[in-house]
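J.: All chains, full assembly: derive it from the sequences and hints.
As given, the protein sequences belong to chains A and B, one line each in that order. For what it's worth, the working numbering labels the leading residue of the first sequence as 10, then goes sequentially. For what it's worth, the working numbering labels the leading residue of the second sequence as 10, then goes sequentially.
None of these hints come from the bench; they were simulated from the model. Hints may be right or wrong, so weigh each one.
Label pairs and their calculated CB-CB ranges [claimed, not checked]:
#: 1; chain 1: A; residue 1: 270; chain 2: B; residue 2: 175; range: 45 to 55 angstroms
#: 2; chain 1: A; residue 1: 222; chain 2: B; residue 2: 37; range: 21 to 31 angstroms
#: 3; chain 1: A; residue 1: 270; chain 2: B; residue 2: 130; range: 15 to 25 angstroms
#: 4; chain 1: A; residue 1: 210; chain 2: B; residue 2: 264; range: 44 to 54 angstroms
#: 5; chain 1: B; residue 1: 268; chain 2: A; residue 2: 309; range: 52 to 62 angstroms
Chain A is faced by these chain B residues, among others (derived, beta-carbon under 8 angstroms) [as the list claims (entries may be wrong)]:
#: 6; residue: 122
#: 7; residue: 133
#: 8; residue: 158
#: 9; residue: 171
#: 10; residue: 173
#: 11; residue: 195
#: 12; residue: 216
Glycine residues also receive a C-beta, built at the ideal position from the N, C-alpha and C atoms.
There are 2 protein chains.
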Amino acid sequence: MSPAKTDAAAIPVAVEPNRDEHLVSAVESAGGRVVDLADARVLVWIGAVADFPDLDDDIEWVALKTAGIEEYVAADVIDDRRVWTNASGFYADNVAEHALGLLLAGLRQINTAVLRHWDKERIDTSVRSLHGSTVAIIGAGGIAASLIPRLSACGARSIAVNRSGRPVEGAALTVASDRTDEVWAQTDHVVLAAPATAATHHLIDAQSLAALPSHAWIVNVARGPLVDQVALIEALRTGEIAGAALDVTDPEPPAADDALWSLPNVIITPHVANPASGLTRAMAPWMAENLRRYRSGEDLLAVVRPGQDY
Amino acid sequence: MSPAKTDAAAIPVAVEPNRDEHLVSAVESAGGRVVDLADARVLVWIGAVADFPDLDDDIEWVALKTAGIEEYVAADVIDDRRVWTNASGFYADNVAEHALGLLLAGLRQINTAVLRHWDKERIDTSVRSLHGSTVAIIGAGGIAASLIPRLSACGARSIAVNRSGRPVEGAALTVASDRTDEVWAQTDHVVLAAPATAATHHLIDAQSLAALPSHAWIVNVARGPLVDQVALIEALRTGEIAGAALDVTDPEPPAADDALWSLPNVIITPHVANPASGLTRAMAPWMAENLRRYRSGEDLLAVVRPGQDY
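T.: Quick look at the structure:
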């Protein structure tokens, strides 16, 4: 038997806590070599935050698999002795698609139809159209960039809310996040696509719910704590808004006796906008591209900035 | 009191069997005058086929409210002594939107999520993406023209099937309907948007179901008889295809004990792609445009050709 082929110029990359086949292929396709953590310069971490290893300074770059990194921030794992990337890039199409699916399911009353067989009188008068409506997207990052052209093709206009207020491509209007309150009365529906930070905590609360039109649907594909769930349930009960389609809740899952489960105008999917079961396969091409950039000294995608909690 | 204002040049239009407010406004906005049927040159008919009145030759144009006119053909109502239009135009955006909503609801497992609370293990592994997939649209008329750009924005490619095989704008491939059988193995999913004719009867049958990939979803926003429902139920039971999302069935509604209701991979909405409750409001701008064309001698939209059953 010949010894394993080695490539002195290949970047030594650890894929931990297990050598996932999709990521190993990606690393090797982009000029990397999979090694133990002790020998690595790059760590691809696909485990839980609680199991995150102590790192020595030889590790120059850590690639995390999650888009939201609030757990890593809370655990004080992220340091300034190396580069950290999250995975906000490759999720975008999948999450935008799920958001559109949730919004259309609510507007077209597909949830009601599944539960109430051929209740035509109720459903026919409740179906609403996305075309001709306005959708506010809170958090105008990668998900919004994927969602806006989808909404445009569906005949809906988008209001983008971002930190800077700098116009977002394809949005009819961009609003700076410190003026989010002005958005509620101008929109028909809301998609939450912002990171969970102190600034976005309970962004949807009694006040914003009161300001939204009564035909509004709220879609959350971001993080549960963006919504004051007690206020949401009250608004859904009283008809202050039309419905909520949630891929994330607070806590997850909701308790078995949570009122969310029994409200007819709620759709809950179990945090599957980006299915975990396909995650490493979906992440692989993105990982390969980032490793290629690393080798050639280009800027990495999705770098986490120190002190920034998203 | 002054007498009602009359306009000698206005086209006399009957709106029957009841003077719907939205259509009366549309007629008046486009230079028409609403009159009794005996005094009319145009009939806007929003009633049932069974109640359709005998017409004298003064009626030059009949505007029907339905997209599919098979009932009028079967009742031998449509003659060659005047122009007939159907309403295939203004439904398109609504029906295309419903088709996209049904397809996404199936792929993203929203139906399963509504019925099986936070069954993450099952749902996470079952969610599929529309982006990157191919959708065949059977019947490449107005609905397809609305649906294709929506699918493109979602990252899916379209195969259009039409009578002539003449390339449809935006479709990656157009196939003539006499070669439909070649489409099944080339597509991931199918949207039925063709009229109910002898040629489309049971277009989806045991043979086409066997040729489709096992991950395929079939969406029907056209007419129930396009699908051999016995064969469909068998294919859904055995996993020959992944699911069916039906806005139309055969018969409508399915019987209370129809197997369709109990299959976990079926979504049924009660023929609401174009909600009847909002029909005349949605039809009004289209009616106004067609009346404007009539007045100025331009070609009408959606003219029904004699001897053609759609």
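J.: Once the shortest beta carbon distance from residue 158 of chain B to chain A is found, is it less than 8 angstroms?
T.: 5 angstroms, holds
J.: Mind checking the hinted window 52 to 62 angstroms against the Cβ distance between residue 268 of chain B and residue 309 of chain A?
T.: About 53 angstroms separates the Cβ atoms of residue 268 of chain B and residue 309 of chain A, which means 52 to 62 angstroms holds.
J.: Taking 45 to 55 angstroms as the hint, is the beta-carbon distance of residue 270 of chain A and residue 175 of chain B inside that range?
T.: 51 angstroms, holds
J.: Is the interface hint satisfied for residue 171 of chain B? The criterion is a beta-carbon contact with chain A at less than 8 angstroms.
T.: Constraint on residue 171 of chain B not satisfied, violated at 21 angstroms.
J.: Would you check whether residue 195 of chain B satisfies its interface hint, that is, whether its CB is within less than 8 angstroms of any CB in chain A?
T.: 22 angstroms, violated
J.: So, residue 133 of chain B near chain A? Judge it on the closest CB pair being under 8 angstroms.
T.: 5 angstroms, holds
J.: Residue 216 of chain B was flagged as interface toward chain A. Is the shortest Cβ-Cβ separation under 8 angstroms?
T.: 29 angstroms, violated
J.: Between the beta carbons of residue 222 of chain A and residue 37 of chain B, is the distance compatible with 21 to 31 angstroms?
T.: 30 angstroms, holds
J.: The hint names residue 173 of chain B as touching chain A; please verify it with the least Cβ-Cβ distance against 8 angstroms.
T.: Interface hint status for residue 173 of chain B: violated (26 angstroms vs cutoff 8 angstroms).
J.: Given a hinted range of 15 to 25 angstroms, is it respected by the beta-carbon distance of residue 270 of chain A and residue 130 of chain B?
T.: Since residue 270 of chain A and residue 130 of chain B have Cβ atoms about 18 angstroms apart, the given range 15 to 25 angstroms holds.
J.: Indicate whether the distance between the beta carbons of residue 210 of chain A and residue 264 of chain B respects the range 44 to 54 angstroms.
T.: Roughly 51 angstroms apart at Cβ, these two residues keep to the hinted range, so it holds.
J.: Is the hint on residue 122 of chain B kept, meaning its closest Cβ partner in chain A is under 8 angstroms away?
T.: Holds - the Cβ of residue 122 of chain B comes within 8 angstroms of chain A, reaching about 4 angstroms at its closest.
Of the hints listed earlier, those the structure fails to meet are numbers 9, 10, 11 and 12, in rising order.
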